[in-house]
Amino acid sequence: MRAATPDERAYYVYGVVPAGVDPFAADVEGVDASSPVETIEHDGVAAIVSAVPLDEFGETHLKENLNRLPWVETKVRAHERVLERALEGAPVVPLRFCTIFRSRDGVQAMLVEQEGRFHDALQALAGKREWGVKAYVDEHALAQALGGDDDPAPAGEVAEGRAYFARKQRERIAADAVERTSAAAVEDAHARFDALATASTLLPLRTPEAERGRMVLNGAYLVAREHETDLAAAVAAIQRDLAHLGFALELTGPWPPYNFVPS
Amino acid sequence: VTDGGRLPATYRQVTLVELVDRVLEKGVLVAGDITLSVADVDLIELRLRALLASAGTLERPPADDGLPLRDH
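The listed protein sequences derive, respectively, from chains A and B. The first sequence begins at 1 in the numbering used here and counts up one residue at a time. The second sequence begins at 1 in the numbering used here and counts up one residue at a time.
Hints in this document: simulated from the structure, not taken from any laboratory. The beta-carbon is built from N, C-alpha and C at its ideal position, and this holds for glycine as well. Please note that the accuracy of each hint is not assured.
Listed below are the simulated EDC-like cross-link pairs for lysine to aspartate or glutamate, each with C-alpha atoms no more than 16 Å apart in a straight line [what the hints assert, rightly or not]:
| hint | chain 1 | residue 1 | chain 2 | residue 2 |
| --- | --- | --- | --- | --- |
| 1 | A | Lys-168 | B | Glu-45 |
| 2 | A | Lys-63 | B | Glu-45 |
| 3 | A | Lys-63 | A | Glu-73 |
| 4 | A | Lys-63 | B | Asp-40 |
| 5 | A | Lys-63 | B | Asp-33 |
Pulled a few chain A residues facing chain B out of the computed Cβ check, cut under 8 Å [said to hold, decoys possible]:
| hint | residue |
| --- | --- |
| 6 | Arg-104 |
| 7 | Asp-105 |
| 8 | Leu-205 |
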């Protein structure tokens with residue numbers, strides 16, 4: 001296979017917005033620092049693109065670069081940054097990371113082919129944005145709040161075996177209580193957020209970030225602009241109600257609607 | 001933690017975990033001339049998650065004031 005020369009370019013597509021909106025008058029840096037982010041339009045829809053060098057994004061080089069996590073992180077952040085900027089001015093349909101065409105004509109052809117799908121998606125997304133709510137629980141704090149006496153001093157004369165089984169049983173009951181309380185709180189919180197949303201989805205729970213405890217909710221909500229402050233208020237209210245039980249909630253967004261477009 | 005009913009700032013700290021959940025896993029799939037295969041994505045995810053599990057949360061690099069990042 002032949003090596004790409006540095007000036008051979010392809011077009012990286014970030015996502016699709018309604019035509020006529022140019023959210024990129026202000027500069028935003030894309031996946032390649034030397035190429036501006038621009039749009040390619042077709043009949044009411046516009047692809048957000050920037051030129052990328054084939055010696056970085058061509059098939060062979062891309063495969064190699066994907067092995068370098070710092071490269072991946074930089075590009076993933078650039079992809080997100082461009083879509084966030086677009087989102088400031090218009091609904092946006094995010095495309096999958098590293099969707100690349102060899103020419104502007106290729107991007108045009110894709111728009112022609114997918115026009116109906118993009119129109120429908122943009123229509124459904126107009127005036128709405130994706131928000132994330134994550135909840136964590138400090139299980140030790142919750143157990144304390146529920147049980148209180150987690151260390152009843154065993155009488156010295158009680159047979160060791162009996163004390164052991166009694167302690168095991170208390171632990172099991174406490175663990176059940178933590179589980180039940182946690183599940184009920186999360187279900188209630190999700191229902192309240194969902195009621196404010198046009199659509200919602202539960203994402204996989206992730207391993208703890210730093211010391212925030214066990215993740216018990218990882219929800220994504222598509223929310224109309226007029227309900228966004230209600231969502232933030234609901235998160236704050238639940239946080240207030242549950243803080244004493246060891247729960248912590250986190251609202252993130254607005255996100256490009258990754259979770260509310262047909263994959 | 002959010003107070004009042006205030007919305008988070010748009011230019012917030014975004015954790016890599018959240019980006020992996022969204023940018024790598026989601027988004028409309030169209031047939032580009034060059035695209036990542038499912039296997040590519042799975043592999044990247046696996047590695048990133050392993051890295052995150054060992055290093056804790058990687059935050060967006062500093063100097064994030066809404067200005068373009070300079071990465072070389």
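| said: Need the list of violated hint numbers for this structure, in ascending order. | reply: 1, 6, 7, 8
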